[in-house]
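Visitor: Top to bottom, those sequences are chains Y and S.
All residue numbers for the first sequence refer to my numbering, where the first residue is 269 and numbers rise by one.
All residue numbers for the second sequence refer to my numbering, where the first residue is 1032 and numbers rise by one.
Worth flagging that the hints you see were computed from the coordinates, not collected in a lab.
Ideal Cβ positions, reconstructed from N, Cα and C, are used throughout, including at glycine.
Check each hint, because a few of them may be wrong.
Unchecked claim - Covered stretches of chain Y (in silico footprint by chain S; criterion: 3 or more residues with CB under 8 Å from a CB of chain S, positions within the stretch not fixed):
| # | stretch |
| --- | --- |
| 1 | 290 to 304 |
| 2 | 323 to 336 |
| 3 | 356 to 369 |
| 4 | 372 to 383 |
| 5 | 399 to 413 |
| 6 | 422 to 430 |
| 7 | 433 to 441 |
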Amino acid sequence: MSSDSHSVERSPAPYMNPYLAGIGLGLVLLASFVVMGRGLGASGAFSSVCAVAVDAVAPAHAQGNSFWREYLASGVGHPLKEFLVFEVLGVLVGGFFSGLLAGRVRRTVEKGPRISIRGRFAWAFVGGILMGIGAKLARGCTSGQALSGGAVLSAGGWAFMMMVFAGGYGAAWLMRRQWQ
Amino acid sequence: MNAPFFKFGLFGDEVSLIVACAIGIGFGFFLEQAGFGSARKLTDQFYFKDMAVFRVMFTAIVTAMLGLFYLGAVGWVDLSLVYVTPTYLWPQIVGGLLLGVGFIVGGYCPGTSVVAMSTGKVDAVVNIVGIFVGVLVIGEAWPAIEGFANSSALGRLTLPEVFHLPMGLVVFLVVLMAVGGFWGAGVLERRFADRPAKEDQ
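So that you can see chain Y by itself, here it is in the shape it has in the complex (with noise of 0.2 Å):
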């Protein structure tokens, strides 16, 4: 490809430092205790939705369910007005308009050069049902847990935090041909 200046395929601008990245997202975060008396979630927003989900397919089994019946419980007035699937809209557009700014936004598949574009697929998938089970079994994710308790100084938040390093770091020789 030439490198001519067509706005419309101007390379993406560079990230951004990475400790000026993490203070905006610690003053993101500072606010949310600030204003909210919370950190920040994620998968929360997951449960929500499948609470939901489960409920308008089987009402008496999701109630039945003492998980998905926390889930429903929740909420202003609806199970899905609640906070974190509020929060994780916001972090749709926040994205969105981020990559927007830097021209990054475009539908593309990431992976290493090693691998096939289905192969990716099929680990992004296998990924995600581990992240879900994991997330649910130790009551939030990265960003509930690792950031939002390891600012609050959380003994669990820590823990999770170390093992989320420690799982990634161990799985890592098996995965390289998908990565490196």
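Starting from the structure of chain Y, add chain S where the hints point.
Guide: Relative to the frame of chain Y, chain S by itself:
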């Protein structure tokens, strides 16, 4: 100043959802700016190629922790009203391990998969479908594993309580650890930068 504002009734439930959305926009913005909408950038952390995940995460933790500690010390924020995610030690150890493996297998964590989807990563959409399936699986299995899932429930437990140290000292140690980690991250990156599977590039 009486904070957390929501806990002191400065605004109601409906408004809290708008606040949630605003907070989420900021969260998503900085995650994307950091490069966390890219699975390759994220997973480079686990090959010591690019330690941005560690840098961004610990800078954010230190920033929010210092801010909260300061605002609590001057009496602007009632720290007892700030939610501390409860500790379930063993479920969190096992859950963290599963999530960590899921991270390197899937390429994202739940929050970053949403950011990646927002900028058009198709693999992130597949990853999100997987997360839904995972939540469905554990939700359905919950009655069977409830015993383990609710085990080692230690409630609201913080590191100063675990180690019987003053909070200020723990805050200081975390800052020290982060700064040491930032230095170590640079050393590791330089060590691993020249020995990648270069022939793949």
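Visitor: Look at each hint and say if it fits the structure.
Guide: Against the structure, the hints:
1. 290 to 304: With 15 residues closer than 8 Å to chain S, the stretch 290 to 304 of chain Y meets the three-residue bar; holds.
2. 323 to 336: Contact hint for the stretch 323 to 336 of chain Y vs chain S: holds, 4 residues under 8 Å.
3. 356 to 369: holds (count 12)
4. 372 to 383: holds (count 11)
5. 399 to 413: Coverage by chain S holds here, the residue count being 15 at a Cβ distance below 8 Å.
6. 422 to 430: holds (count 9)
7. 433 to 441: holds (count 8)
Against the hints set out earlier in the document, no violation occurs for any number.
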